[in-house]
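Trainee: Since the structure of chain Z is provided, determine the placement of chain H on it from the hints.
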Amino acid sequence: MKTKFVALRTPVIAMGVGIAITAVLLLLAGADVLAAFGVLLSGALTSPSRISDMLMLLSPLLLCAVGLTTSFAAGQYNLGIEGQMTVGGVAAMWFLRGYHDGSPVVLFWIGAVLCGMLMGAVWAMLVAVLKRYMHVSEIFAGLGFNFMALGLALYLVFGPWKRPGVASMSGTEPLADVLWLPTITGTRLTLVTPVLAIVMLAVVWRLIRHTHWGLQVRACGLSALASVRMGVPATRRTFEAMALCGACAGMAGALQIIGVYHSLVPNVASGIGLMGLLVALLVRADVRWVAFVALFFAVITSGSIQLPLALSIDSSISGVLQGLIVLAIIVARARRGEESA
Amino acid sequence: MHVSIQQINKSFGPVRANQDITIAFAAGQIHGILGENGAGKSTLMKLLSGVYKPDSGQMFINDHAVTLGTPRHAVQIGIGMVGQDPLDVPVFNVLENIACGLQMPNDADIRQQITHWSTTLGFPLSPDQRMRDLTVGQRQQVEIVRLLIAGSDVVILDEPTTGITAAQVDALFAALKAIVATGKTVLFVTHKLDEIVALCDTVTILRAGQLVGTQLAMPVSKETMLIAMFGEFFTHAQLSAKPIPTDAPRWKLHDTQLHDATFVLGPLNLSLPKGMIIGLAGLEGSGQRLFMHHLAGITDPDRGQIDFNGTPITRANPTVAWLPADRLHEGIIGAMSLREHVLLMRDSLLAPLQTAYEKSTQLIADYAIKATPDMPLQQLSGGNQQRAMLALIPESAQGILLEHPTRGLDAVSAMTIWHRLQVRRDNGATVLFFSADLSEVMQYSDAILVFFGGQVSRLLARDTLSEEALAALIGGVGFAEVTA
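Residue numbers (our numbering), protein chains in the order written: chain Z, 1 to 341; chain H, 342 to 825.
Just chain H, with the same shape it has in the complex:
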């Protein structure tokens, strides 16, 4: 099935998200869609999958003009999309999730198809597993199988490697290659160059809503792609790790045990020093998030104690900043502007409301946020929301806890953010973060804590670790030797 679009335009208010986009996607290939945050990738994919309607332009399937009304209509025509966050019914099992959207579901038939596609794609799925027991990566696998059973000839994936483990990334890539081998088409949206190089047959590059490279046959050099994405060259800053200081710690955990619904971590005895960037490494869901919630004082430990600067941590400690991954639910208030957030975080009830304009303008300039001080944050792109949340970390913060700090950010923005965090670190703040990207953990941490099997390693100086050694520890190889 050939999909092509001609002269597609889509605007959101004054923002022209897609301008005059014309592309034809050949069947049987993996097509990479590359661009920095806000380049218009997600918008284009949502137009293709019927989530949005174009302002103008035409779409063709096998040279017949089509108009897509809804995602359901798109699936019937043969175009399916796996979103950034899997949308499924957690209390359903795999079979029910797949069956509930189909026209005439026949359980035995679907079971057989699930087995067929799981085998073909190398996904270890069972029809009777409950969705809520699966990891994000497995739920994504269910979503792909669902689209294939629904008869999709074109499978769109929007930043699919976000939040899944390295092994799941490998499985995903192998599966996508198997899918195109059957004559189907895959559109793969990413801002990671390595993934384009490893996976794609062609690459299409967007910048500021416009095509700057259309269907370039791979291999294309990384430099070429970077220039197309950013219109300029940049180099990676070389960073050196700080040695682990031994003076009074920022956080101290005494025989602390933590738990959530499914997981127990500890008992832990740890000292986290002042003035360090500490990366939390481990397989997805090894307790990193739980650990952070406790360091932020959001949840109390079952047992033991957590001190911050020598006193037990409390929920409302103004010198600890926690930046959750779920920005719009836990991090910021979508309907409020940056200026209102600046005001909100002041502790004086009497501060006049007009005064935050200059401060907001300053933050917008410092953090390169594409917004005005009075624009509601929900109108910003994901990357700009992330920058806004980082900009709002109070100057007084001595402990900074970050979940996926650069998720959804392009390389240049990520570097800018890390530069600012390093300045905070040099001023004495302790920064903890976790990221799905192991190279980010290696590149920016001064020290690393490895999470494995309900335990946490002692603080490991980054300079003593290679990426291979860290990967081994994450998998549990040699982990016993690094626990305190």
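One chain only, chain Z, in its complex shape:
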């Protein structure tokens, strides 16, 4: 019981410290602190359309965070998550461009998501291979591949896939209307993405916590040398974990194309992967907390959009709060002598 209490105490204190420092910053900016926190926490929940906007952020965030807990479990800091999301979107768009009037729409949706997952997995595997065989840190390789993915998307948007006559940052020729995932009436939200995110959460939770495969992945993350010594196929498990993470990110990218943007935009990832990294840094390989933390982050990020209107405070305060909480947690862990992953 005692250990459980201690395990919970650290995040709670860290969250308190993060909130306290944010409050000080708000005070220094001359803002009404309580009102600002009120808007942050409830701004996303005051109307059905705001709730649906929050869920539109939460779903891809959850997919990325779930994927990242897998790569974290394997000891890999997959900073390439944004790029994996981007190429997932590119692959989905590539598949959907093959659509002709009368083709079975559902098959094209499934195909696009699978293409996105496959491409995301391949993009992540490139990083894993560079790390394993060329000794390139996955952090730097991942960042490099992010830029390459962005370059690929930009090239397609302004080059081969540009709208006839106009090349614009706003994206390629939009998908045919029938290919847009159906939304709940009155909102832009499709139910497919949240449902798939929850399914992936359940699958990864089961894999990491309750299978021998997950045990081996965690062992590789904790000590690669010792795992190899005990006969764990460490290279394979690390590759598989990275591929699974890339597949989750690719799925998120594909769903952003089919369900949100309806065309390929250069910024498919739009920082969601990085926010997923913050979530994963907080929960590490502990899948149980992913949903709560992702929900919290999505709520305050969406809520912060109301801040400039309601209180003339810049919405970036939500990012400040998230960053401070993560920092406080990492400091608390370091003080306890734990590693950050």
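Do not take every clue at face value.
As the list claims (entries may be wrong) - Reference excerpt, derived from the structure (chain Z facing chain H, CB under 8 Å, subset only):
no.: 1; residue: LEU181
no.: 2; residue: LEU222
no.: 3; residue: LEU225
no.: 4; residue: ALA226
no.: 5; residue: GLY231
What the hints assert, rightly or not - Some chain H residues judged to face chain Z by a derived CB distance under 10 Å, without partners named:
no.: 6; residue: ALA637
no.: 7; residue: ASP641
no.: 8; residue: HIS670
no.: 9; residue: GLU671
no.: 10; residue: GLY675
Unchecked claim - Cβ-Cβ distance ranges computed for the label pairs, FRET-style:
no.: 11; chain 1: H; residue 1: LEU669; chain 2: Z; residue 2: MET125; range: 26 to 32 Å
no.: 12; chain 1: H; residue 1: GLN551; chain 2: Z; residue 2: LEU225; range: 34 to 40 Å
no.: 13; chain 1: H; residue 1: GLY369; chain 2: Z; residue 2: ILE139; range: 52 to 58 Å
no.: 14; chain 1: Z; residue 1: THR235; chain 2: H; residue 2: PRO608; range: 27 to 33 Å
no.: 15; chain 1: H; residue 1: ASN650; chain 2: Z; residue 2: ALA202; range: 42 to 48 Å
no.: 16; chain 1: H; residue 1: GLN417; chain 2: Z; residue 2: ALA23; range: 38 to 44 Å
no.: 17; chain 1: Z; residue 1: ALA202; chain 2: H; residue 2: ASP715; range: 20 to 26 Å
Hints were generated in silico from the structure; no laboratory data involved.
In this text, a Cβ means the ideal position worked out from N, Cα and C, and glycines have one as well.
Mentor: Only chain H this time, still in chain Z's reference frame:
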């Protein structure tokens, strides 16, 4: 400087590592601190040197109460500790390592002091040698000199003879005697009775976190010390060596040459038979570890071939178990429990995760591991971690490679471990090990390989060797006659 502690208590969770410890250490003497693994010796020394803070109790220096905050603070007050593993900056030279922690370093002054202490203590140190080029024993010498230059009046050494050569042990003992002759105090932590007898003026014995003998003036008989340490008597089992069999070998090396960054070994032509315990003898760093890594298939030889049971050895051979000395980095996974390790080593991906409980409980009982099946192994003492690693050797292992198998274990645990390895041997497994302790090599090996000057001797039956003859071979005397 007189150091004394009163009513010191320190707990880690439910474990009471030190209970009501009260001792006064007289200046100008070597004080032995003796106890089996987990008795609380290291904890007590870490309290004295400011690494840990006591839960309760008081410490006095020259009868003034002090509270130590950090190791740096302790050094300023005059208490310095040489840890089990030397902590230094490998790319620095000796001078830089010593200077970097001092208040106002003046190179010329430090150089002169290094020369002074090296001469006084008989350590062959030069200020310009790089740390990474030194042996563990030499790095320990640098550490001692560093503490003395920093002004330590009390020097604490935690198991300092682990991992250093016999000659370095002799040099260390002479140096410690020279240090106390200047009026300073030495606290010497060990679980080896012989070292207490050879070196110490007094002995303090800990058992399960409590004092069972305080500042007993030497000589104290070994029997008395053993009874205090264990609370019971035990006798050494007499062991006889097995003759060298001639049937198909376990390992066979054909014209094999091995190397690492600094060292070349070979070419070697050797057959290591089935069902033997083979000790690797030689000065520290004569290629024993390199040899083992290759037999385990972790590294491929430059040239030639290594066969295991007639086929070339591969990295993932499940019938070869390698137990590295660096337990927490290479051996086990600190954050995982024994039960998780049992599961990890199963090859079936489909095995249910709940099933390893009974097996783990069995291993805990068989190997007397102080743990529960679900306790993370990093929470165990070093000796218990070692027992856990030994317990995890698969039943199917036909080749067992051990680096310092009983390092950090007390005498009773070591005997238990060796008994189990002998059973493995009798069932046909070939066990190879190296140890810093020559008497362990002599006591438990059926045959011995001597490493000297980049070469390995042929397999020598232990019964043909005396400890003196082996020591001579290790030093290279008569080595040419025993190479194949």
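Trainee: Output the indices of the hints that this structure fails to meet, ascending.
Mentor: Failing hints, ascending: 1, 7.
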